[in-house]
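Colleague: Going down the list, the protein sequences come from chains Z and S. Numbering-wise (the working numbering), the first sequence opens with residue 1 and increments by one. Numbering-wise (the working numbering), the second sequence opens with residue 1 and increments by one.
There could be a bad hint or two in this list.
Listed below are the simulated DSBU-like cross-link pairs for lysine-lysine, each with C-alpha atoms no more than 35 angstroms apart in a straight line [said to hold, decoys possible]:
1) Z/K128 to S/K32
2) Z/K322 to S/K129
3) Z/K124 to S/K32
4) S/K194 to S/K129
5) S/K194 to Z/K322
Simulated from the structure, these hints should not be mistaken for lab results. These figures come from a predicted structure and were not determined experimentally.
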Amino acid sequence: MAIAPDTRALTTRDAGPRARRAPSSQIPGSSRNAYWLYLVPGLALLAVIIVIPLVWNVYLTFTDYRGIRPPEWIGLDNWIELAGDSVFWTSFGNSIAMIVAMVVVPTLLGLVLAAMLFDLIGKKFGGKLASFLRATYYLPQILPAVIAAIVIGWILRPQNGALNQMLEAVGLGALQQNWLGDPDTALPSIMVIMIWVQLGYPIVIFMAALQRVDPELYEAAELDGANWFQRFQAITVGIIRPEIFVVTLTCTIAALKVFGPIYALTGGGPGTATIVPAYYAYSEFFQSQQVGYGATIATALTVVIAAVSVVFILVQNRVEQKEESR
Amino acid sequence: MSAVLDEATATLDASVEEPKPARPGRGGSRRKTAGDWIVLLVAILLGLLIAVPFLLILVNSFKSPADYNTSGPLTLPTSLYFDGITAFWERVDFPQKLGNSVFISGLVAVFAVLLSMLNAFALGIGRVKGRLWIVVVILLANMLPQEVLLYPLYFMFKEVGLYDSQWAVIIIFTVIQSAFGTYLLASVYGTFPKELLEAASLDGASRWQILWRVVYPISRPTLSVLLIFFFIWTWNEFLIPLTFLVSNDTQTVPVAITVLQGDRLMDVTTTSASALLGLIPTLVFFLIFQRTLTRGITAGAVK
Numbered sequence: 001m002a003i004a005p006d007t008r009a010l011t012t013r014d015a016g017p018r019a020r021r022a023p024s025s026q027i028p029g030s031s032r033n034a035y036w037l038y039l040v041p042g043l044a045l046l047a048v049i050i051v052i053p054l055v056w057n058v059y060l061t062f063t064d065y066r067g068i069r070p071p072e073w074i075g076l077d078n079w080i081e082l083a084g085d086s087v088f089w090t091s092f093g094n095s096i097a098m099i100v101a102m103v104v105v106p107t108l109l110g111l112v113l114a115a116m117l118f119d120l121i122g123k124k125f126g127g128k129l130a131s132f133l134r135a136t137y138y139l140p141q142i143l144p145a146v147i148a149a150i151v152i153g154w155i156l157r158p159q160n161g162a163l164n165q166m167l168e169a170v171g172l173g174a175l176q177q178n179w180l181g182d183p184d185t186a187l188p189s190i191m192v193i194m195i196w197v198q199l200g201y202p203i204v205i206f207m208a209a210l211q212r213v214d215p216e217l218y219e220a221a222e223l224d225g226a227n228w229f230q231r232f233q234a235i236t237v238g239i240i241r242p243e244i245f246v247v248t249l250t251c252t253i254a255a256l257k258v259f260g261p262i263y264a265l266t267g268g269g270p271g272t273a274t275i276v277p278a279y280y281a282y283s284e285f286f287q288s289q290q291v292g293y294g295a296t297i298a299t300a301l302t303v304v305i306a307a308v309s310v311v312f313i314l315v316q317n318r319v320e321q322k323e324e325s326r
Numbered sequence: 001m002s003a004v005l006d007e008a009t010a011t012l013d014a015s016v017e018e019p020k021p022a023r024p025g026r027g028g029s030r031r032k033t034a035g036d037w038i039v040l041l042v043a044i045l046l047g048l049l050i051a052v053p054f055l056l057i058l059v060n061s062f063k064s065p066a067d068y069n070t071s072g073p074l075t076l077p078t079s080l081y082f083d084g085i086t087a088f089w090e091r092v093d094f095p096q097k098l099g100n101s102v103f104i105s106g107l108v109a110v111f112a113v114l115l116s117m118l119n120a121f122a123l124g125i126g127r128v129k130g131r132l133w134i135v136v137v138i139l140l141a142n143m144l145p146q147e148v149l150l151y152p153l154y155f156m157f158k159e160v161g162l163y164d165s166q167w168a169v170i171i172i173f174t175v176i177q178s179a180f181g182t183y184l185l186a187s188v189y190g191t192f193p194k195e196l197l198e199a200a201s202l203d204g205a206s207r208w209q210i211l212w213r214v215v216y217p218i219s220r221p222t223l224s225v226l227l228i229f230f231f232i233w234t235w236n237e238f239l240i241p242l243t244f245l246v247s248n249d250t251q252t253v254p255v256a257i258t259v260l261q262g263d264r265l266m267d268v269t270t271t272s273a274s275a276l277l278g279l280i281p282t283l284v285f286f287l288i289f290q291r292t293l294t295r296g297i298t299a300g301a302v303k
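Given only the sequences and the hints, what does the whole structure look like? Please build it.
Modeller: Put into structure tokens, the structure is as follows:
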């Protein structure tokens, strides 16, 4: 299935003695070195669009650069400033909140909802109804993030916003808030919005994965007297583990990089209540014109994302190997 | 939002498999208990809760500001009011923005699929040396926060005269999207049926011919899924188009809508109308292609 790319195909060598002596391509008689030609356009573009800017950014982290006069070498000053910058640490603290809202809650809730839709509603009330509900849960995902943010911002307006009006309509007027403007409610509001946006993604992926589950396994477990939750734990989670990894990794990268909703909803405010690293870097780059410092924040974020991804992939490989050797 | 998230679209319509008929003697499995109805009710309420913002957009896009001020956001409009939509439509020249978005997203989708295919052919079928690390380096394009690219690419494109050109955006996203495509396709090609490749090579086909006459047709389902992902992901992109498309007539739909926020023209109902217009294209695209995507995924899986 396309959803869970099998990285093992990239790592395992050909079995068999012939392959071990002379590693070759999958096409007999064609040397694998000849294939470098096919990588030329991809790697050339990658070098220009990604690698050069990345290296340039790392260079800028060692300079004082305001965007006009040429960068001035200042050694590690930016990095030292970054280590003591409380806004930077606040932004990473908020990243944790984003991981909770974009990874932890959607994945756990998505697992339960996917199993519920597939297992119970799909089987007892018909596949059509389950598909329809799934499509509804998925709706927020096809909305461009900035447009979603505009709509939500409008719903959460302190004056004549829909949420406050609804609260008043049901007699809970006392709960009315300036949801995004109050430092106490801004971050929780953003978190709820991100859960709303993200929830459909794991549900759809997990439901596709559930189709691999052999119904006979379930029947056997049922006959053994296992209840729904036991079956869910023992069979479902075990079989769709690859998808759980893919969802968790892609959502974690997205949570660490999150920018659009913050830009469109709060601009990191009020104060620094909802600032995230990507937005902090952006504001240093373009609002304060502290390009060197902005590059330092962005580079730190890149290092964190790359490190998290590599650790994650290593753990995934280890778990997979353990499963295979069982 | 990370493009990767929209990956799920592909499987959305893979409709839930109808359960096999219960075996004789175990007919009870279709009986609905009270608990089942409660679960269903919870599921439907959750669906409603998720859909509320969409319903609110729909209701308020057709309301006059005066109507909104007197009766608030929760009631149906007293009379259908199209001025909000037309005002926004004309103000941003919506057809032009739509055209820009289709042009950029369409070309990116085609180029990125081509690039992914060439890369994956070398990595998955050619098995060039060090392919795991090459994939990791290519994936960097996906992991990088996009702010990192803005300043360097701004100077580079200005140097070659592509600043404020849609081609700058097209080139950038071709590279970013093809990173994911390469990752996915390389693993698909890594398990490509060997007999087919051997047969083609016995027939004297060159590598280039094998790529186009064997590998391409067989992996077409996966390629078309990628094509649709790339289109939607690029459509929804924001930061890079915002930075590189400064003049009004090159902008994409999401950028045009966002830039107008805070504008004097944007009263509450016009904001709502702009959101409605912004979500209709992706919604339509999604509805048209969900069938294709299902077929794509299934065909790819059967192989």
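Colleague: Would you mind marking each hint as holding or not holding in the structure?
Modeller: Evaluation of the provided hints:
1. Z/K128 to S/K32: Distance of about 17 angstroms is within 35 angstroms: holds.
2. Z/K322 to S/K129: Roughly 27 angstroms between the alpha carbons, so the hint for Z/K322 and S/K129 holds.
3. Z/K124 to S/K32: Roughly 7 angstroms separates the two Cα atoms, so the pair holds.
4. S/K194 to S/K129: Holds, at about 19 angstroms.
5. S/K194 to Z/K322: Between S/K194 and Z/K322 the Cα gap is close to 28 angstroms, so the pair holds against 35 angstroms.
In this structure, every one of the numbered hints holds.
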